[in-house]
Amino acid sequence: MVMVLNKRLMRILKENKLRYLGILVLIILGSYTFIVAAGLSQNLAVLVTTFTEDHVQEDLSFSTDRPISDVAELENKFDALIEEYMSFDAKLSDTLTLRLLSETKKVNIPAIIEGRTLSRPGEILLDPAFAEANGYSIGSQIKAQDKTFTVVGFVSLPHYIYPLKNVNDILYSPKEFGVGVINREEFSDIDNAASIYSVKFNDRTRSLNMQAVELRKYLQVKGFTVSNWIDIMNNKRARIVWASITGMKTMSVPVPAAMFLLSSLIIGIMFWRIIRRESVIIGTLYAQGYRRRELMRHYMAIPLVLAFAGGMIGSLFALPSIEPMVMAMISYYNVPVPGIELSFLNVMIGILTPMIFLGLSSYMVIRSELKKSPAELMKGDKQKAKVNALERAFKLERFKFSTKFRLREQFRSISRLVFLLLGVTSASVLMLFGFTVLNSMNHVFKTSDVYLFEYEYTFRDLQYGEAPDGAETFNAGKFYPENNEEIEFYITGIEPDSTLVILKDNKGNVIPNNQTNITKSLANRLGIKAGDTVTFINKEDGKPHTFHIDAVAESYIEQFIYVPIDEFNKKMELPEDSYIGLFSTKELDIPDEKLSGTKSMSQLPEAMDEFMGQMISMVALMTIVSSVVALIILYLVTSLAIEENRNTISLFKVFGYRRGEIRSLILNSSTFVVVTGFLIGIPVAVASMGSLYGYLGNLINLVLPPIVSPIYVIISFAAIMLTYQLSKCMCAKNIDTVSMSEALKAGTE
Amino acid sequence: MFIDVSDLRKTYTSGMIKNEVLKGIAMKLGKGEIGVILGPSGSGKSTLMNIIGGVDRGDSGKVIVDGIEVSKLNDDQLTEYRREAVGFVFQFYNLVPNLTVRENIEVVSNISKSPLNIDEVLAEVQMLDKKHRFPRELSGGEQQRVSIARAIVKNPKLLLCDEPTGALDFQTSRSILKLLQQVNRNFGTTILMITHNTAISAMANRVFKLRSGEIVDEWVNQAPIPAEGIEW
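Protein chains in written order, with the working numbering: chain A, 350 to 1098; chain B, 4 to 235.
It is worth saying that the hints were derived from the structure and are not from the lab.
The list that follows gives simulated cross-link-like pairs (lysine-lysine, DSS-like), each with its CA atoms no further than 30 Å apart: (1) A/K749 / B/K116; (2) A/K1077 / B/K116; (3) B/K134 / A/K749; (4) B/K116 / A/K1082; (5) B/K133 / A/K753; (6) A/K749 / B/K133; (7) B/K160 / A/K753; (8) B/K21 / A/K1082; (9) A/K749 / B/K160; (10) B/K21 / A/K363; (11) A/K744 / B/K116; (12) B/K133 / A/K744; (13) B/K116 / A/K753; (14) A/K744 / B/K134.
In silico contact screen, one side only, chain A against chain B (beta carbon under 10 Å); selected entries: (15) K749; (16) F760; (17) S999; (18) K1002.
Pair by pair, the computed Cβ-Cβ distance ranges are: (19) A/R642 / B/V219: 51 to 59 Å; (20) B/N22 / A/L1075: 39 to 47 Å; (21) B/K26 / A/K1082: 31 to 39 Å.
C-beta atoms are modelled at their ideal positions from N, C-alpha and C, and glycine is treated no differently.
Kindly generate the complete structure, drawing on both the sequences and the hints.
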C-alpha cells in the first residue's frame, strides 16, 4: 500500500520542479561552503601551527651593539631558547635583493620543503616563491656577494612565512626580494652582516610581554645597546598569515553555516506549509486505514531524500576543491605542506545537518497533523484563515486597498515573513561584506586626506637631529591599555607645527598638532573622549604613561594617538631631538640597511593592483553567490505565496482583475520586506565587519575601517532588486496559469 | 432580451474521452428578471453559467448579454466584461480569508468604474456592523451576505449565483433569497441562479430545467412569490 503511495513522491517533485531544484541548490551551496570553508581554515591553521611549533618560531628578535658572550646563561636566566643568526642583504641586481640568513638549529629552524639540507660550503636553500619568480631551480647556481651558491633545496622559515623585506612593509614581491639560507661559515668573509638574536620563551603561562620587558631591561643593565627589537606579534612576516586564517575562520565558517541553517529553516518552513496543505489528503489516507507510521514514512521521504542528495552532492563537489583552495591560499605564504587532511567529520556534518534539520521540522509538523482526527484533517487547513496579532496590531484600515492587501499578505504568514526577511538580510550582508572588504582595502592602501606626505621612512634605530628639507620627524611606540593586552595601538609623536599630518574635528576644522589628539576610530574602540586622562602601558618597557586627551579627530581609518614629538620623547625618556622615522613629500636618499620600512603612498595603489584584482574576483563571486541565494529565496517565497493564494488569484480573475493588476497585488507584496531586509543588512554588515576588523587589527596591527560606501550600497541594492524582479518574472507565469475554475469549484472559504 | 443564448455547445476533452456537456442550449432572460436553472449534478448548469459569465467559452453557438456578444470577446475583452457587467455569488462564498468584510468588498469596488458606496451596500445586506470582522468570524449566512454585497457593489447588470443557498440551513437560505430578491428589486439587477432546489423556482420569472446538457423544460412564472413564502 505504502509502495503505491510512494509513487507520488517523484510526481510531487516533478510537479514543482523549480521549487525543489531551488531547495536542492540551497542545500548543495550550504554543504559545499561549509565543508570547503571548514576544511580550508582547519587545514591552514594546522599547517601554520604545526610549522611554527615544530620549527620553533621566535617570540622576538633583537640586535646588540656587541656579541652576547654567554648565551647559555641568558637562556637559563630567562628560561628561553636564544640563538644568534646572521643576516645580510645581497644585491643581485638594482631591483633584486636576496637576504642571506645563516642556518639555525634551535629557533626558527628551516623546514626543507624540496631538495635536501645544506651539507657543504657553497650551498643555498631558497624561498620557493623567490626561486620561481626569478627562475632558480634545484641545481641551478646563484651569484651573491661575489660568491656562487648552488641551490640544493627550497626552504620555509617560521619567521619569514610572508617574506617581507622590512617588518613594517605590507606587500611582498618575490620579484624584488627573497630569502636564502646558507651555512653560518659562509658569513666569515661577508662584511657588515647583521647579527640577530632570536628568542623563544619556554614559559608560556606568563605574560610574554612582561618576559620580554624583563629581558630587555636586563640587557640594558648589562650595558648592551639593544636595537631592532621586534616581537613576533608586531612582525608581519609571521603574523599576516594568521590574519588570513582567522579571517577565513571568523568569516567563512559562520557565513556558510548561517547560510546552511537558513536553507534548512527555509526548507523546514516550506515543508511545514506543504504538509499542512496536504492535510485533506493525509486525512483521507488516514481515514482509509493507513497507519500513522506509514504516512510518516511517506511524508518524511521528500525532505530526507532532498537533504541527503543535497548534502551528498555538496560534499562531492566540496572535497576535491579543498586541496587546490588550500594550495591557492598558502601560495601567498611560505609554509611547508606535508599533506591536506580531508575531514570525514565535516562531510558527515555537511550531510547530516540538513537531514537533521529537515527531518526534525518535517517530523514535528507531520506528527502534529497526524495527531488530529481524520475528519478534522479532511476539513482542510483552517490555519490560513487565522488573523494574527501583528495583522491586528497595525491599523490597516487607513491604507488604500492595494497597500492593505499587500501588507496583510505579508503579515498573515509570520514564518514566511521572517524567512524572507532573514533570507534577504543574509544575502545583502554577504553582498555588502564583499564590497566592504574591497572598500576598506582601498581606503587603507590609498592616500587618506589626513596624510599629506608621499613617503614614510621608518629607521631601525633612533635617529637624531633635524629632518631634511620637505620632511618631518616622528617617533612612535606601541601601547596597550592597562589590564588589556589585547588592544595594541601606536602613540606617535609628530612635529607640533606639522603640515604633513592634518587632523580635523567633526566640523571639518583643523585640530592643532601641539596637543594630544586621538582618532575617532581608536577613541571609540577604547571608549574615551576629549578631556579624559588615560594611562597606557608602553610595550617596550612595560611602564605606564598618562596622557590627557585634548581632541578627537574625525578619522575612521587611522587608529592613532598623536602627541607633540617633544612631549613624546620627554615622556618616553628619549633624547630630546631623537626620532624613529620621517614623513617626506619627496624621496629621500637613505641607505637601505638603516631602514626597517618604507612606504610610498603613490606606489601602494600600483602594488595593490594584483591584490585588488583577486579581491575584486572574490567580491564578484560573493555577489553572484548572494544573488543566487537571494533569487532562490525570493522565488521560493513568491511561489509559495502564489500557491497559498491560488483561490484568491482565481477569484480576482473571475472578478475581472487584469493580469497586470493581479501580478502587482501578489508579486509586489514582498517589496517592502525586500527593501527592509536590505536596509537591516547594512548595519549588520558594518557591525560584523567592525568586530572582524577589530580582531584582525589586533592580530596584524593593520587597521581596516569598516566603510560602506554609498556607491556599493547602491550597487548591492540594485543587485538585490534586480534579483527580486527576476524572481517576479519567474513567478508571473505561475499566476497566469491559475485557472478561474479553481474559485468556481472551491469547496471551502 | 437581456440574455440570449442560442445553440450553445461545449465539449470537454480529457485524453481520448470527449464529454459533451452542453448540447445546443438556447435560452432567453429579460432585463431585470430572475432566472433559475434547475438540474442535477453534471447536467451542465455550471458550465452554462460560466460561459454566460465570461469565465469559460463555448465551442459554438451564440451568447449575447445586454447586446454584447460574449462568445466573440477575446480574453482582454472578457476581463473587461466581467469587470463591469457581471457579479458572482458562489455556493461556498469564496471570501478572501485574510481580508475583513469591508476589504472583501473593496476587492471588487477597487476595480469598478462606478461602484456603489460600500457602507450602503453593507447596510443593504445588514452587515454594516460587522464590517471589520474577518470571514472566519462570521456564520455561513453572514458570509453569503458579504459575498452578495461584494457581487453587487459594482452595480452589475447581471448577477450570477451558483447554488447560493447550497451550504445554508433553511432559515438562512430564505433570508439570502430574500436579499437577492431585494437586490433585484432595488437595483434592477438581472439575476441568474443555479440550484438543485426546485422550491426556489417559485420566486423566479423564468425557469430552465437542464438534463445532460440540454434544456428539457422551460417555463415563465407569471406570478413569482416573495422569498419569505418559499417552503421546502
